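S.K.: Since the structure of chain A is already known, use the hints to place chains B and C on it.
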Amino acid sequence: MSSHDLGPTAAETDHSHGEPLPADRNRVWTALRSNIPAAVGMVILAVLVVVGVLGDLIAPYGVNEVNVDQMLQAPTWSHPFGTDELGRDVLSRVMVAARVSLMVGAVSVGLALLAGVTLGLVAGYYGGIVDNVLMRCMDVLFAFPVLLLAVAIVAVLGPGLVTAMVAIGVVYAPIFARVTRASVLSVREQVFVQAAVSVGASDGRIMRRHVLPNIAAPLIVQTSLSLAFAILSEAALSFLGLGIQPPKPSWGRMLYDGRGFVQDAWWLGLFPGLAIFVTVLAFNVVGDALRDVLDPRQLSQDEARRAS
Amino acid sequence: MSEPVLSIENLSVSFSSRRGVARVVDGVDWEVHPGQTLAVVGESGSGKSMTVLAATGLSPRGAKVGGTVRLRGEDLGAMSEVERRRARGRHVGFVYQDPMTSLNPVMPVGRQVTEASEEHLGLRGDDARSRAVELLDMVGIPSPEQRVDNYPHQFSGGMRQRVVIAMALANDPELLIADEATTALDVTTQAQILELVESLQERLGTAVVWITHDLGVVAGIADQVAVMYGGRILEHGTVDHIFGSPGHPYTQALLAARPQPGVRADRLATIPGAPPVPHQLPPGCAFYPRCPVRGDERCRTEEPPLTEIAPGHRVRTFYRAPHSGIERPAS
Amino acid sequence: MTTEHGAVKTGDVVARVEDLHVHFSVSRSAPVRAVDGVSLEVRRGETLGLVGESGSGKSTTGLALLRLVDATGGRVEVGGQDVTDWSRRRVRSLRRRVSMVFQDPAASLDPRLTVGASITEPLIVHDLAASRDARRSRVAELLEMVGLRADMADRRPHEMSGGQKQRVGIARALAGEPDLIVLDEPIASLDLSVQAQIMNLLRGLQEQLGLTYLFISHDLAAVEHMSDRVAVMYLGRIVETGTPEQIYRNPAHPYTAALLSAVPTADPEAERRRRRITLHGDVPSPVNPPSGCRFRTRCPAARDNCATTDPELYEVEPGHRAACLYAVEAVEEMRAGAATTP
Numbered sequence: 001m002s003s004h005d006l007g008p009t010a011a012e013t014d015h016s017h018g019e020p021l022p023a024d025r026n027r028v029w030t031a032l033r034s035n036i037p038a039a040v041g042m043v044i045l046a047v048l049v050v051v052g053v054l055g056d057l058i059a060p061y062g063v064n065e066v067n068v069d070q071m072l073q074a075p076t077w078s079h080p081f082g083t084d085e086l087g088r089d090v091l092s093r094v095m096v097a098a099r100v101s102l103m104v105g106a107v108s109v110g111l112a113l114l115a116g117v118t119l120g121l122v123a124g125y126y127g128g129i130v131d132n133v134l135m136r137c138m139d140v141l142f143a144f145p146v147l148l149l150a151v152a153i154v155a156v157l158g159p160g161l162v163t164a165m166v167a168i169g170v171v172y173a174p175i176f177a178r179v180t181r182a183s184v185l186s187v188r189e190q191v192f193v194q195a196a197v198s199v200g201a202s203d204g205r206i207m208r209r210h211v212l213p214n215i216a217a218p219l220i221v222q223t224s225l226s227l228a229f230a231i232l233s234e235a236a237l238s239f240l241g242l243g244i245q246p247p248k249p250s251w252g253r254m255l256y257d258g259r260g261f262v263q264d265a266w267w268l269g270l271f272p273g274l275a276i277f278v279t280v281l282a283f284n285v286v287g288d289a290l291r292d293v294l295d296p297r298q299l300s301q302d303e304a305r306r307a308s
Numbered sequence: 001m002s003e004p005v006l007s008i009e010n011l012s013v014s015f016s017s018r019r020g021v022a023r024v025v026d027g028v029d030w031e032v033h034p035g036q037t038l039a040v041v042g043e044s045g046s047g048k049s050m051t052v053l054a055a056t057g058l059s060p061r062g063a064k065v066g067g068t069v070r071l072r073g074e075d076l077g078a079m080s081e082v083e084r085r086r087a088r089g090r091h092v093g094f095v096y097q098d099p100m101t102s103l104n105p106v107m108p109v110g111r112q113v114t115e116a117s118e119e120h121l122g123l124r125g126d127d128a129r130s131r132a133v134e135l136l137d138m139v140g141i142p143s144p145e146q147r148v149d150n151y152p153h154q155f156s157g158g159m160r161q162r163v164v165i166a167m168a169l170a171n172d173p174e175l176l177i178a179d180e181a182t183t184a185l186d187v188t189t190q191a192q193i194l195e196l197v198e199s200l201q202e203r204l205g206t207a208v209v210w211i212t213h214d215l216g217v218v219a220g221i222a223d224q225v226a227v228m229y230g231g232r233i234l235e236h237g238t239v240d241h242i243f244g245s246p247g248h249p250y251t252q253a254l255l256a257a258r259p260q261p262g263v264r265a266d267r268l269a270t271i272p273g274a275p276p277v278p279h280q281l282p283p284g285c286a287f288y289p290r291c292p293v294r295g296d297e298r299c300r301t302e303e304p305p306l307t308e309i310a311p312g313h314r315v316r317t318f319y320r321a322p323h324s325g326i327e328r329p330a331s
Numbered sequence: 001m002t003t004e005h006g007a008v009k010t011g012d013v014v015a016r017v018e019d020l021h022v023h024f025s026v027s028r029s030a031p032v033r034a035v036d037g038v039s040l041e042v043r044r045g046e047t048l049g050l051v052g053e054s055g056s057g058k059s060t061t062g063l064a065l066l067r068l069v070d071a072t073g074g075r076v077e078v079g080g081q082d083v084t085d086w087s088r089r090r091v092r093s094l095r096r097r098v099s100m101v102f103q104d105p106a107a108s109l110d111p112r113l114t115v116g117a118s119i120t121e122p123l124i125v126h127d128l129a130a131s132r133d134a135r136r137s138r139v140a141e142l143l144e145m146v147g148l149r150a151d152m153a154d155r156r157p158h159e160m161s162g163g164q165k166q167r168v169g170i171a172r173a174l175a176g177e178p179d180l181i182v183l184d185e186p187i188a189s190l191d192l193s194v195q196a197q198i199m200n201l202l203r204g205l206q207e208q209l210g211l212t213y214l215f216i217s218h219d220l221a222a223v224e225h226m227s228d229r230v231a232v233m234y235l236g237r238i239v240e241t242g243t244p245e246q247i248y249r250n251p252a253h254p255y256t257a258a259l260l261s262a263v264p265t266a267d268p269e270a271e272r273r274r275r276r277i278t279l280h281g282d283v284p285s286p287v288n289p290p291s292g293c294r295f296r297t298r299c300p301a302a303r304d305n306c307a308t309t310d311p312e313l314y315e316v317e318p319g320h321r322a323a324c325l326y327a328v329e330a331v332e333e334m335r336a337g338a339a340t341t342p
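Residue numbers (our numbering), protein chains in the order written: chain A, 1 to 308; chain B, 1 to 331; chain C, 1 to 342.
In isolation and in its complexed conformation, chain A is listed as follows:
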């Protein structure tokens, strides 16, 4: 035996230290914080959530506290967003409406996520005729203009909070189905999925354990973008009088009510509009930043850099 054979023990073990790397989660977090627009967006969203949860507790006035003496007042220190035609405090109403908007957004996107991901997963994983049937159904839903479809659903089920959420959920499900299916198609071809099949794992287990976690990135991005659109859709439905019914405040309804006063009381439309604008923008900015950070191509570039 030559001198450089260390014998079986050393040759058959490999305890050499691999490269300890920061976990993915930390990397994502650091990258998001160093992106200034995304950081601002996240702060705005955090504030919105707090306001949404505590809305009526921290609002300076009651939502439906009518005070005809003070109707249509321009913004002042006691009413920073002014008052409406019944003398209600616009700031308080915008704050309380945040809850409705966020809730509609969250519930409807949650519904869309659940339905869309399930359908997309099954279609993408099994392929063939299952895929064809499911995805053609999604295409049909997709072919309708979003608002028109929502209006149709509301027309059938009658206006209200729950219908608005269901309608928006149905409208956004196909997007999730498509994103999911496309991602599943690429993950399904990965060797580690074949490896899972080779050890005898069932389809359900493979989808749950290997496919879903590996398509999380595009789904997270899609979720944050869809939240923005869902909030916009809720505003649009309420603006059309098909969403939240008065006297409950909602941004879209407030915008609708304010349209008659554009000349005389600009604050009635401006502040709810601004609230919608800022929220949608924040979700979009954070979504885009997430896309950049979670982009699988970016990940593989990072890995390539590590390897080289």
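These aren't lab readings, by the way, just hints derived from the structure by calculation. Keep in mind it's a predicted model, so treat the numbers as computed, not measured. One or more of the hints may lead you astray.
What the hints assert, rightly or not - Some chain C residues well away from chain B (every beta-carbon gap over 10 Å; in silico):
1. L40
2. T84
3. R135
4. R138
5. D154
6. E185
7. A196
8. S291
9. P318
Claimed, not checked - Under 10 Å between C-beta atoms, here's a sample of chain B residues computed to sit facing chain C:
10. G157
11. A253
12. D266
13. A269
14. I309
15. P311
16. G312
Even glycine gets a Cβ: it sits at the ideal position worked out from N, Cα and C.
M.R.: Frame of chain A; chains B and C shown alone:
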């Protein structure tokens, strides 16, 4: 001896990142003469490809390159970007591992083969086409008059690599750089390509730098061999030096790690662990953590110099280990 | 499930493939005949090396043993049972008895899971460990068997080197105590210095545990080193089988001879002296293989009736079979031809 086609002196390439400076190539010297083949051998992360990219001015963005590179005696570092590009296009041909990625899928191969000539030699129209046919014929593609109008996907892997070689030879370069050019090919196809390059080299007197991890290929085609590890040259000499009397423990271990034909030993000699990652290089000898000789404190803290042990045979080690037993300090 | 897992003695046939055909149809065009009439058997405790170039069907043959591809003709038998028509559910239990190690260790491990979780998967799927603790200790044991530290179970694949990842792949393949392990190019993606480690590990495990391997590779030297018997494939068929000595010293099929002569060796002296038998042209398309002998279009010693007669494997010496009408004779002729041309 004739003037070298390409010579590099003290070449270094480093990248800075949040996790520190990675010295991917560190103090590499070699030269290649007309008609000669230099093989640069190494495992992943050895810096073998980066050396050649940096030497031809093709290193990726963010790379800090140091040292001197001379192409046909001219200092590439003293040239402008445009001049460098012209010199490279005119005098150097490249062949990469995957022929599919070096070819444009939506352009007929004939046009791709002479694209560089159009730019550097002003070849046009029928002239370019007949030159393309000539080149395809030279690399052994059957019925080149018809094949010249085909697209890359209409060729097999081996034929595609021939097209890439034709492309590399279009301007009659003095230097051909082949980076793992046969790694993706089957052995019988590899044999065809190796034979082709050898015969072209004989006819055209081209210098070849062949980058590979395959010692077998090296033994068959190289005149000179540079063994790289962790961004440095550990051993440099003629093929007979490297295979006949390897001086570095790494070279020896690498040769011993291959199963020998006809010898069915129970166990192969192995090198423990894995090649180092560029930004985690050990402070002293890069090979120290895996070295079967395992010298002393000096190996751990001090980088051994590349010393000449025979004319034209240089080794970077404090402890030369001949085939049997360990020789004590040489320097 | 466990009752099927009967005790098999050394030398018994663990798995058998008979006249296997695997044809893939891409849309409506003619099928790709990836495997086109392959018969082989793997015996307990041995390593059968399956060697061939890309497109020879060697990997597809391996996949068929786990029913990861379905046979379009012929039979696949594991442990004496015909598994060709087993249901989806039943096939999952087959995959405990036959496991697989893949070529690219980085791609074959789920990047989101710890390597411990990857090794645990077969234990959960086949219900081989009763509790979390039992699984944990079994994973530790498996990691140590493949030369890794037990605490590496918590690492993720990207924190390991290529060789370490392949060791994890091997640990996963061992988890179900399989009767046969299909090793599909297990060293092809590794650095040279690491390949030897993995080959030693595989040989050591085989001695220790009495494992049976189907070693699939295009690396002729590795196959010679690893195998007790070798089968050479070309274009969906086995063209020659025998012991490594028979195949490598006295190849009887012209293709084997050409393949061997094309392998470069790490010996400059021998390289200068060598006379390669260079094959011309490319491997024909498996959609439409040549009539008669499939190798005839590239064979330097082909005769007229090679185009009309499809040669079957026949014994040229005990245990050594070749599918060539002019076996041995053709090889001698080729060697003589190669020696005269400079």
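S.K.: Any hints from earlier that this structure breaks? Give me their numbers in increasing order, please.
M.R.: 7, 14, 15 and 16
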